[in-house]
Structures are given as C-alpha cells and as structure tokens.
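Number of protein chains: 2
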Amino acid sequence: MEKTVIISKADLLEHWLGHRNLTRKTIEKFPEEELFKFSIGGMRTFADLIKEMLSLAVPGLDGIVHDKIEKYNHDLPLHTKAELLAQWDKDTPVLIDLYNQIPEERFHDDFNLFGEYKFPIVHNLMYFIDNEIHHRAQGFVYLRALGIEPPFFWDRY
Amino acid sequence: MEKTVIISKADLLEHWLGHRNLTRKTIEKFPEEELFKFSIGGMRTFADLIKEMLSLAVPGLDGIVHDKIEKYNHDLPLHTKAELLAQWDKDTPVLIDLYNQIPEERFHDDFNLFGEYKFPIVHNLMYFIDNEIHHRAQGFVYLRALGIEPPFFWDRY
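The listed protein sequences correspond, in order, to chains F and S.
1 is the number of the first residue of the first sequence in our numbering; add one for each residue after it.
1 is the number of the first residue of the second sequence in our numbering; add one for each residue after it.
Certain hints may be false.
Copies of the same chain look alike in the list, so a pair counts if it works inside one copy or between any two.
As the list claims (entries may be wrong) - For lysine-lysine, the following DSS-like pairs were computed, each having C-alpha atoms within a straight-line distance of at most 30 Å:
#  : residue 1 : residue 2
1  : K29       : K118
2  : K118      : K9
3  : K81       : K71
4  : K9        : K90
5  : K118      : K68
6  : K118      : K81
7  : K51       : K25
8  : K9        : K37
9  : K118      : K37
10 : K118      : K90
11 : K68       : K29
12 : K37       : K68
13 : K29       : K51
14 : K90       : K51
Hints listed in this document are in silico derivations from the structure and should not be mistaken for laboratory results.
Values in this document were obtained by computation on a predicted structure and should not be read as measured data.
Kindly generate the complete structure, drawing on both the sequences and the hints.
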C-alpha cells in the first residue's frame, strides 16, 4: 500500500537536531556548580542526565549502524560544563553521520538496542528524542528552582 | 521522489496516544490538593499544565480539520482531579476522530494554528506531543519533590 510520507528520514533527524540545540542551550544556562550538584527529590543532577543522553545517542546509533550489541555506560568521565558541552558538540556531527548511514528500509526492523530494548529502529530513535525532551524538562524545573530562566521551549536554532 | 514511510500517519497517532496514556497515569498519581496547588520556582501547577494540553489538542485539531482560526483558551472550568480525568477521557476519542479526518496530503500544508503558529500541520502536531512530554516531565519532578514515585516513562499502555 502506497502512503504519503508524513515525516521523512531527514525530517526526523532535523527534529532531533532542533531538540539537541535546545538541550545545549539548557546546559549553558546552568551555573557550573549547580550543574553537577543540584537536584530535586533525590533525582539525578542535570550533568548526569546529559551524560545519559550522550551515552545513548551516539553509542546507540553506532550499535544500530554496525550491528553491535553492547551495554550502555552512563558514567562518562566528564567533570566540567566545558567538557559536557565539548562532548555534546563533538557528538553532533557523528550522530548525523551515523543516522544518515541507516538505510530507510531498516527503520522498521527490530534491533536489540544495548542488548535490552528490542524494538523497531524508528521506535528506538523516537525514544532517544522523547527521553531527551523529558530529561531536559527536568533541567528546566531545576533552573526555575534556582531562579534562572530556562531557554524558550520553541527555540531550537 | 519516492521515499520509504518512516513514520506513518497511523504511527504518529499511536505515538501520541501512548504519551496520552502516560500523561493520564501522571495525573492519577497526584494527590487532589497538590494537583491544584503545588508548584516549583513560580511555575504553573500540574492542573494548569493539563488544562493547557487539553486546550491545545482537541481545539487545535478542530481548527485544523474545520479550517477555523480561533485563539486558544487555557482557562478551562475544571476544578477537581476527577473533572480533569473525565475531560481527558472525553477528549481522547474526539482527538482520534479529528486526527483521522486530516488527509495525509494536508500534513505538509501550513496552517495558522490558533491564529498564531503558522507552520506545516505535521509540525504543529509534533509540537503538541513534544509540549505534552515537556510539561508532563515537569509533573514528574513535582511528584518526586512530593515524595511520590512517578509512573515509568516507558509505560504508555
């Protein structure tokens, strides 16, 4: 059955990259110390949430592209805001390159991501994006609690 | 140019409905009083955020389907948790029905949503979903701050 393309492969990437821009702006808003120390209700710090995102995106795509099943590791050796931002910026072009290597025909194939999440590849990709929106919003609340205005939610540039 | 369907119209609806299920579970976790009173850093209560979601989803789709340009109104007369949940449940089948009435060919057409957001319809729909994930995450933090465990993020059923 022929269907209209609602969201193309390129659209989904562009959508993700817009969210990555906003997440980067959110990191930038945090004071160095609070980025690594502040949290609410026993949740993780925003630095830890960013490390989770970093440990999912490129390693996840690398697994999908090269058919490697490896466990993720959220405990990245990034100890300053500058290091987090540098890793973020280093990962973005790698993410783009890996994403573009996934053939459209594979998007609906199951892949056992990190040896734990056996779902269609497109679902795993959407989960990465959703997870980033979700945890970034946690960062927005942390910022508000610190009396700092977060970026605008629609500012993805 | 022919392209593979990465995310079909039906897939996007299913994705949204999964998120709506999770948002509903999040409302359920709130104690009545905190739902309408608790907030962090001067942000809106979770009840107000839910009212925003309600005032965007069905009214937005109604505007798109019937080509009506009307301003949104977040100030819905819903004053108890039961009323919020009842409206949520009432809206879900209406949302499905309206969504299904949007022809695939229109998804890339611009629509001046609420007379304010002139973007391709598919972008406006994705914005509804992103906005729901974002504000629901705020609710997750409120719950944690209240010592209540939120639902599981992956539980969309």
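Taking the hints in turn, this is what the structure says about them:
1. Taking the shortest Cα distances, K29 and K118 sit within 30 Å of each other only across copies (29 Å), while inside one copy they are farther apart (36 Å).
2. Taking CA atoms no more than 30 Å apart as the test, K118 paired with K9 passes in both settings, with 20 Å inside one copy and 23 Å between copies.
3. When the C-alpha separation of K81 and K71 is checked against a cutoff of 30 Å, the pair qualifies only within one copy, where the shortest distance is 26 Å, while the shortest distance between copies is 41 Å.
4. Proximity of K9 to K90 under the C-alpha cut-off of 30 Å is restricted to the intra-copy arrangement: shortest distance 22 Å within a copy versus 34 Å between copies.
5. In this assembly of identical chains, the alpha carbons of K118 and K68 lie at most 30 Å apart only when taken from the same copy (13 Å versus 42 Å across copies).
6. Taking CA atoms no more than 30 Å apart as the test, K118 paired with K81 passes in neither setting, with 33 Å inside one copy and 36 Å between copies.
7. For the homomeric pair K51 and K25, the shortest alpha-carbon distances inside one copy (15 Å) and between copies (28 Å) are both at most 30 Å.
8. For the identical chains of this complex, K9 and K37 are neighbours neither inside a copy (38 Å) nor across copies (42 Å), given an alpha-carbon limit of 30 Å.
9. Taking identical chains as interchangeable, the C-alpha atoms of K118 and K37 are never at most 30 Å apart, the minima being 34 Å within one chain and 40 Å between chains.
10. For a Cα distance limit of 30 Å, the shortest separation of K118 from K90 inside one copy, 28 Å, qualifies, whereas the shortest one across copies, 34 Å, does not.
11. When the C-alpha separation of K68 and K29 is checked against a cutoff of 30 Å, the pair qualifies neither within a copy, at 36 Å, nor between copies, at 39 Å.
12. When the C-alpha separation of K37 and K68 is checked against a cutoff of 30 Å, the pair qualifies neither within a copy, at 34 Å, nor between copies, at 48 Å.
13. Both within a single protomer and between protomers do K29 and K51 lie at most 30 Å apart by alpha-carbon distance, with minima of 17 Å and 28 Å respectively.
14. For the identical chains of this complex, K90 and K51 are intra-copy neighbours only, at 14 Å inside a copy versus 40 Å across copies, given an alpha-carbon limit of 30 Å.
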